[in-house]
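Peer 1: Spelled out from the first residue to the last, the chains are:
2 protein chains.
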Amino acid sequence: NTEPAKLLLIGYLSYMLIGFALLSLPFAQATPVAALDALFIATSAVSTTGLVTVDPGTSFTFFGELVVLLLIQIGGLGYMTIGSFAVLALQDNLGKMRARTCRAAFNLPEDISPKLFLRSVVIFTLICEAIGAAILYPKFAAAGVDNPLWAAIFHAVSAFCTAGFSLFSSSLEAFRGDFTVNATISALSIFGAMGFLIIVDLWRTLMGRQRNLGFTSKVIFRLTMLFLILGTAVVMVTDPGIIALPAEERIMTAFFQVMTAATTVGFNTYPISELSMAVLLVVMFLMVIGASPAGTGGGLKTTSFAVLIGLVRSTLKGRDEVRFFKRRVRFEQLQTATASLVFYLGLMVAALFCLLLTEPALDFAALLFEALSAMGTVGLSMGATGELSPLGKVVIIVLMTAGRVGILTFGIALASRDESREEERDNELVM
Amino acid sequence: NTEPAKLLLIGYLSYMLIGFALLSLPFAQATPVAALDALFIATSAVSTTGLVTVDPGTSFTFFGELVVLLLIQIGGLGYMTIGSFAVLALQDNLGKMRARTCRAAFNLPEDISPKLFLRSVVIFTLICEAIGAAILYPKFAAAGVDNPLWAAIFHAVSAFCTAGFSLFSSSLEAFRGDFTVNATISALSIFGAMGFLIIVDLWRTLMGRQRNLGFTSKVIFRLTMLFLILGTAVVMVTDPGIIALPAEERIMTAFFQVMTAATTVGFNTYPISELSMAVLLVVMFLMVIGASPAGTGGGLKTTSFAVLIGLVRSTLKGRDEVRFFKRRVRFEQLQTATASLVFYLGLMVAALFCLLLTEPALDFAALLFEALSAMGTVGLSMGATGELSPLGKVVIIVLMTAGRVGILTFGIALASRDESREEERDNELVM
Ligand SMILES: [K+]
Ligand SMILES: [K+]
Chain A
1 NTEPAKLLLI GYLSYMLIGF ALLSLPFAQA TPVAALDALF IATSAVSTTG LVTVDPGTSF
61 TFFGELVVLL LIQIGGLGYM TIGSFAVLAL QDNLGKMRAR TCRAAFNLPE DISPKLFLRS
121 VVIFTLICEA IGAAILYPKF AAAGVDNPLW AAIFHAVSAF CTAGFSLFSS SLEAFRGDFT
181 VNATISALSI FGAMGFLIIV DLWRTLMGRQ RNLGFTSKVI FRLTMLFLIL GTAVVMVTDP
241 GIIALPAEER IMTAFFQVMT AATTVGFNTY PISELSMAVL LVVMFLMVIG ASPAGTGGGL
301 KTTSFAVLIG LVRSTLKGRD EVRFFKRRVR FEQLQTATAS LVFYLGLMVA ALFCLLLTEP
361 ALDFAALLFE ALSAMGTVGL SMGATGELSP LGKVVIIVLM TAGRVGILTF GIALASRDES
421 REEERDNELV M
Chain B
1 NTEPAKLLLI GYLSYMLIGF ALLSLPFAQA TPVAALDALF IATSAVSTTG LVTVDPGTSF
61 TFFGELVVLL LIQIGGLGYM TIGSFAVLAL QDNLGKMRAR TCRAAFNLPE DISPKLFLRS
121 VVIFTLICEA IGAAILYPKF AAAGVDNPLW AAIFHAVSAF CTAGFSLFSS SLEAFRGDFT
181 VNATISALSI FGAMGFLIIV DLWRTLMGRQ RNLGFTSKVI FRLTMLFLIL GTAVVMVTDP
241 GIIALPAEER IMTAFFQVMT AATTVGFNTY PISELSMAVL LVVMFLMVIG ASPAGTGGGL
301 KTTSFAVLIG LVRSTLKGRD EVRFFKRRVR FEQLQTATAS LVFYLGLMVA ALFCLLLTEP
361 ALDFAALLFE ALSAMGTVGL SMGATGELSP LGKVVIIVLM TAGRVGILTF GIALASRDES
421 REEERDNELV M
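Top line first, the protein sequences correspond to chains A and B. If you count the first sequence from 1, position 221 lands on 221 in the working numbering, and the numbers rise without skipping. If you count the second sequence from 1, position 355 lands on 355 in the working numbering, and the numbers rise without skipping.
You can trust all of the hints, since none of them are fake.
One copy or any two copies: either way a pair holds, since identical chains are not told apart in the list.
Okay, derived cross-link-like pairs now, DSS-like style, lysine-lysine, Cα gap no bigger than 27 Å in a straight line:
| # | residue 1 | residue 2 |
| --- | --- | --- |
| 1 | K218 | K115 |
| 2 | K326 | K6 |
| 3 | K218 | K317 |
| 4 | K6 | K115 |
| 5 | K317 | K6 |
| 6 | K393 | K6 |
| 7 | K326 | K218 |
Hints are computed from structural coordinates only; laboratory data are not their basis.
Take the sequences, apply the hints, and build the full model.
Peer 2: This is the structure we're talking about:
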């Protein structure tokens, strides 16, 4: 059934167009912004990517920045959540169809009511963002930032929604050595990226409704921790620039750059283009894996990664079934994970081919990094974004949209209906 | 069962070590060759890759070149074929165990006797190589090549075994405009890369034992044709350097560079490093897909690619089963294809990470290209091979070995036995 996928895609496209229209208004712009750049920023915000062709901190008025922030919040929570919550507030009841779509979108277990779930999600989000902003405000004020309260709110929302949009032209590089800012942004990003499912699960465990964390939550939690710890260790010992930092900044800088890729938030405290290529490969790997399902982040998702690793291990060890963490993996899960990976790779090769044609002057590694960053809705860049030609911007816009809607959902939404149903006999493909 | 995989790996490693020992002999070397370079060349020959750290045409004596040629022939036919054929010649009968291993290695249909198959393969190979050498000889003689008969034999064997080793320091660039050389090398490479299965199938069809080509042969044949035609068209219209060539050389040059990647033979008639990055991406894509199972080429294999495309199409269209070419794909085939892809990607990321650390002075694209070329046993290079540090050479040696043994077989050979058999209850992974 391709209907829900089409609806989701159309929903996001609508928000992008509304955002584009609002950002095109003269009183949204502090300096003239080209139409394609306004569309780029709107797409980047709704998809919570954070790639920017113009500096949002100087190009937009307060109204423009507010539009960007609202687009981020809408994109981060998912337009489904927002829409459902609005309905909830009005009539205290979800339509049956809407409840079903919501259940499908969040992979909600059968015994949790969508109504309760949505309300909890929105309340939890606002509380997290408020706490984050309250911690960031004195820090930004002390650093002499313009309008520190607004900057604190903007960065807290941008972190929890894993958008990575910053009002500062060099992202958070000025706060590289500030533990409080590092910890606050990281905590918000990790909470957002781990996903609502884990939050619900944690909440149910805390409320005594279940004894242990569910299997999915365990997998997500363990993989996220593994990536963060292993990644930080690798970056700390291999990158010459980070090795040269003062001891106390070294671990924090390594952790932040790994965290920003793994959660797909996309802020940075160190200039990305100055990282060594080996570390950039680690960052690219993390950007491909991405965050967790039903979270605000992008990428292939940690659960897909878990299934694929389980598949390889089981195949190499000659098991007669695919297992992971001692559990059997269902065929449909394998199919979803594999199809996502293959479609991701296909879209990546096609997009990269287009970018190499439209941007002959740019470096291969920078373009690959840019495409992976867009598809994973990460927003880190080796510096290609500002140099893109109009056609290159269009390619990145498509990738950010696909990344936000979900790689596979994007494909399903674009796929034609299945028309050939007949099957032939000689079906033995020898590999 | 990991035994056959281990045997295969040990078999190839034995041939590599024998080759290394022979190439280390003083009368094999025309100019001094370091031990690591001798091992590199031996591995490159047995794996039919063709990457070289020293120029084989000037570094080795005739004896050394003969050793390289024998290693190529052994690697191309597979040590199993050679070994089985030796037994056949001695006792006109295959041991039961050997017959089973051979059947497994070539995915031989039940109704074809391994004995007949092996004999046909070797005879067919020698006939093809002899015809190829006979056509190349007058061309090489006319071009004033040293010892043209030897050069003709060497290049014919190197082409059919998709090894791509050349006695000329600039591969076949001197023959870019020569139709006969282009056609002969291409035909030999395509025959070798399509694989013995297709040859058996064609032979049975021609002998009237079956009405049509089998499904596997059809898939391999159609995909190979598709890649060659589509690839040539794309390269012809996008690469500025090839567009600038005289009209008659343009199509031939585009075709040859696509053919060399798709068959994984690795000769070139145009300097690879002068191709545009967009075309290099096409070449990389073809090198990843690779040739066909049971052929002499490397890569993921066209059949795996077919299965994965079938999986994506079926998933996007919401089919309840995975189909391709209107046939249902079996679960084990999906598992093999997916595990190969994921293991390939994992090994690639690990190898690239090592190369980026050991070769900080080399370009990211050149190293990625080099690693893909080694893993696919292709042998094309953007120029990194000669610049590699000793550790970098070791990484490439490992990749060439994995590529020849087969990505998945390599993993199975290295995997430990499966020890945990218990399974837990809570096995619902929500994606
Ligand atoms: K982001
Ligand atoms: K080769």
